[in-house]
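Read off the chains here:
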Amino acid sequence: MNRELIFDVMLMLGLVLVPIWAHFADEPFIITLATRAAIFAIAGVGLNLALGQGGLVSLGHATFFGLGGYAMGILASHAQSYTAITDWPVLIEGTKSMPIIWLVAVLVSGFAALLIGALSLRTTGVYFIMITLAFGQMFYYFAVSWSAYGGDDGLSIYIRNDFPGLNTLDPIQFFLIVFTCLLGVLGFASMLIRSPFGLSLNAARQSPERVETVGINPYHLRLTVFVISGMITGLAGALFADLNRFISPSMFSWQTSGEIMVFIILGGVARRSGPIVGAVVFIALEHFLGGLSDYWHIYLGALLLLIVLFARGGIIGLLLGQGRVHD
Amino acid sequence: MSLLTMTHVASWYGSTQALFDVSLSLNAGEVVALMGRNGMGKSTTIKTICKMLPVGAGDIVLDGHKLNSLPSFKVARLGVGLVPEGRRCFPNLTVEENLSAASRAGEWNFVTVAKLFPRLEERRRQMANTLSGGEQQMLAIGRALMTNPRILILDEATEGLAPLVRQEIWSALHTLKETSNLSLLVVDKSLKELKGVADTAVILERGSTVWSGGIDTLDDQTVKQYLGV
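Order-wise, the sequence lines are chains C and V. In terms of the numbering used here, the first sequence opens at residue 1 and continues consecutively. In terms of the numbering used here, the second sequence opens at residue 1001 and continues consecutively.
Hints were generated in silico from the structure; no laboratory data involved. Each hint should be verified, as a subset may be incorrect.
Label-pair ranges, simulated between beta-carbon atoms [stated by the list, open to error]:
#1 C:Gly187 x V:Arg1037: 52 to 60 Å
#2 V:Ser1002 x C:Val57: 43 to 51 Å
#3 C:Ala302 x V:Lys1115: 50 to 58 Å
#4 V:Gln1126 x C:Arg312: 51 to 59 Å
#5 V:His1065 x C:Ala302: 53 to 61 Å
#6 C:Phe310 x V:Asn1027: 27 to 35 Å
#7 C:Leu309 x V:Val1111: 23 to 31 Å
#8 C:Gly125 x V:Gly1133: 30 to 38 Å
#9 V:Gln1126 x C:Gly125: 26 to 34 Å
#10 V:Gly1014 x C:Gly125: 15 to 23 Å
Quantities reported herein were computed from a predicted structural model and do not represent experimental measurements. All residues carry an ideal CB built from backbone N, CA and C; glycine is no exception.
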């Protein structure tokens, strides 16, 4: 086993053992913190595919996070009020079933990523950043004005959705669902990175022209990874909405996109468990520093500055040394 | 029948015309040497065939498919493999990953490439940016072969390499010629080696074809006039 794999295993063990300890110590708040970290880590793993492997600096991933959240919110709110979402041309009703909600969240986010990616990936660099940001803001203001689902105030969901065979109201059981999703997403991302598709994507990030000369269309590669990335982030959004039992336009905000990116930069861009480390550190800082000052982001900003200036490989880079050189 | 035909092709870098009237043809299994002094349009011709530059005038036809309006990746998929000048492997990938990233179904795979260049097998898990120049060149050729092309284009494949390594590359080209039906379009400065491997030659002068024919018929006067050797 190489050092990075050992580190990843230890990290995942830590992430699962702390909430289990908290469960027996009757500290449900710590379980909630760990669940938040795991959900943010899922979103980070999604963005890390696009950013770390594809070199796509997207400031619009909150769009998919928000869409996943609203997919959950809309389906669950109609399930709790026993009203149909629509009865024409076909009857569509709400649901409390997590697997169905996840599927809808992933499909909606993926479809949105396909449309947004198809347009924005025709640009590069700062224009790509701006277009993805613009899409995010469009969805944000749409959610603000969508009064049927709470508008600016957001929408509370009074039920916790169901997962077959589990009591999702029990924090530790909900955590284990999220943790299993994180493991699945992480395994899928690792497999994708090592596949010929992932290698081509990595090569396209380094030199799109050279990739074309071996018969690969870099645009298709990037669009595919953008869609996959959006789908994973959408799943995280659905889980986040379920955790809080609340959705609001802030899920679409550019600050959310920025935070997902911060997880990756903190942990290490293109490192397998970079987003997990980043999300855990972010949540820990939010919890501990947030208790000391309302302006805890100042410390986060300082930490980010230090990492960007002195540790380009993020926290994992500091601990394990540079991985593959990442431009 | 000709596999690749360029007919009166012109090409531009932006507003600057680089090719004026290039014509050449390449048959299946044939090795063509593309020659000319520095700056006469050899690399530009290759970039135009691979559609890294647009065709401004004339036609490029590959086995009945007109390449003029196709993007670069589609030309590669039709069977044009490029070994670019300066090697340009993917530095952040290992040898094996460089080859896998380019892989398409066909007779060329990691095993057959490693048979041609045993050093790539030895360096299998090594990052491309840690290879020597010669090894990177072998990798660049291997990567192009992994696309299972019908035509392999080599742009200055032996430039800047140690004599022994250069010999290995030439030896590999001889092997390719003898054991496969691959067509080769080779740009190189070594007239002696080109004469050893090529069937025909095309000479470019200021972006135009000025001579073509069997490489054995290339006389000293032509060589002196167009190649300055």
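Here is how each hint holds up against the structure:
1. Against the hinted window of 52 to 60 Å, the Cβ-Cβ separation of Gly187 of chain C and Arg1037 of chain V comes to about 56 Å, which satisfies the hint.
2. For the pair Ser1002 of chain V and Val57 of chain C, the beta carbons lie near 46 Å from each other, so the given range of 43 to 51 Å is met.
3. Range check, Ala302 of chain C to Lys1115 of chain V: Cβ separation about 56 Å, and the 50 to 58 Å hint holds.
4. A beta carbon spacing of about 23 Å between Gln1126 of chain V and Arg312 of chain C contradicts the range 51 to 59 Å that was offered as a hint.
5. In this structure, His1065 of chain V and Ala302 of chain C meet the distance hint of 53 to 61 Å, their C-beta atoms being roughly 59 Å apart.
6. For Phe310 of chain C paired with Asn1027 of chain V, a C-beta distance near 59 Å fails the hint of 27 to 35 Å.
7. For the hinted restraint 23 to 31 Å between Leu309 of chain C and Val1111 of chain V, the CB-CB distance of approximately 46 Å leaves it violated.
8. The supplied range of 30 to 38 Å is met by Gly125 of chain C and Gly1133 of chain V, whose beta-carbon atoms lie about 31 Å from each other.
9. Checked against the hint of 26 to 34 Å, the pair Gln1126 of chain V and Gly125 of chain C passes, with Cβ atoms roughly 32 Å apart.
10. Taking 15 to 23 Å as the suggested C-beta distance range, the pair Gly1014 of chain V and Gly125 of chain C conforms, at roughly 20 Å.
The structure is inconsistent with the numbered hints 4, 6, 7, although it conforms to all the rest.
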